[in-house]
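**Student:** If you read the first sequence in my numbering, its first letter stands for residue 14, the second for the next number, and so on.
Derived from the structure by calculation, the hints contain no laboratory data.
Do not rely on the hints blindly, as some may be mistaken.
[Said to hold, decoys possible] Calculated cross-link-like contacts (lysine to any residue; reagent style SDA-like; alpha-carbon spacing at most 25 Å): (1) K139 x F153; (2) K43 x R122; (3) K163 x R274; (4) K163 x N184; (5) K139 x L49; (6) K139 x L72; (7) K43 x P53; (8) K43 x H29; (9) K163 x V109; (10) K43 x V97; (11) K43 x V109; (12) K163 x S203; (13) K139 x R193; (14) K43 x M87; (15) K139 x T199; (16) K163 x R193; (17) K163 x A175.
[Unchecked claim] Computed Cβ-Cβ distance ranges for the label pairs, DEER-style: (18) P100 x C262: 48 to 56 Å; (19) P48 x T284: 31 to 39 Å; (20) E248 x E51: 14 to 22 Å; (21) T160 x P265: 32 to 40 Å; (22) G131 x P265: 44 to 52 Å; (23) T255 x R35: 43 to 51 Å; (24) L41 x V281: 48 to 56 Å; (25) T255 x P99: 36 to 44 Å.
Note that the Cβ used here is the ideal one computed from N, Cα and C, for glycine as well.
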Amino acid sequence: MPELPEVEVTRLSFAHHISGARILAVRLGKPLRWPLGEDPSILEGLRVIAVRRRGKYLLLDVSDGWLLLIHLGMSGRLVFAVDVPPPGPHDHFDLVTTLGTLRLHDPRRFGAAVLARGEESTMGVKLLGRLGMEPLGEGFGANDFQTALKRRHSPIKQVLLAGDVVVGVGNIYASEALFRAGIRPTTRASRISPARAERLRLSIREVLARAVASGGSTLRDFSSADGAAGHFQREAMVYGRTGEPCRHCGTPVRMLRQGQRSTFYCAVCQT
DNA sequence: CTATGGACCTGAATGC
DNA sequence: TGCATTCAGGTCCATA
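With the hints as extra help, turn the sequences into a complete structure.
**Tutor:** Shown next, in the form of structure tokens:
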């Protein structure tokens, strides 16, 4: 479900509500992708200081130097409310605080909640250490992007998804950014010219920023922590539009498989 | 080092 | 209606 825009929209929807809250309890459901890593009772009495994002991870800074990393995986969703119903079969993590409860609901359980001793801890480095540039930040520069692409011989779509060059671009926005840049998803990254790489860099920024502004994409069930659905899917140029006319040239949109994932593109507009 | 395929897990949609 | 197959927003890990 969640790529960078959905994670960022989720963050914005509850960060200011939970900041300053004192943690009362942690409730755990079924195991997620990784174990919490620490005894949850150590959080009791501590405060949530801030909520940041790195790639598709949410980072909750907790007093006493603790860091709570939350990943939504494919089907995860956060809810923050003063009162939440009793946990259902897919509610696997509750952070109960004086200001409300933050709940991770995740049917497929590819998501995770991990407690670490800061970003430089073993677990922090393991999960965050290989992440690429933040596409909406200052550090996502033309030179660095081009240099990184030169070293990669895989198709550009898969390089974008890998997340070690640039983070946050998932299956929807990879197809969308490549369409806007006019680049075939199968093009080897190393063979993209500097001019086209720059166009791609700007397309990535624009697509992600616009998606955040639209509240993300709600394909089946995404909603932010206050329950709001996104509507960027209405602006999708190619994703999920197999056989439908390209919004630029009218040619039917094509779908192909790359590394077990669907890719959508226009064979006329993307070369 | 890079590239590729399998693994994890559940529910919804599709096909016979 | 019932049952099997395919697909879904991610990414880690083992293997070439």
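**Student:** What hints, given by number in increasing order, does this structure fail?
**Tutor:** Hints 8, 9, 13, 15, 19 and 20 are the ones this structure does not satisfy, whereas the remaining hints hold.
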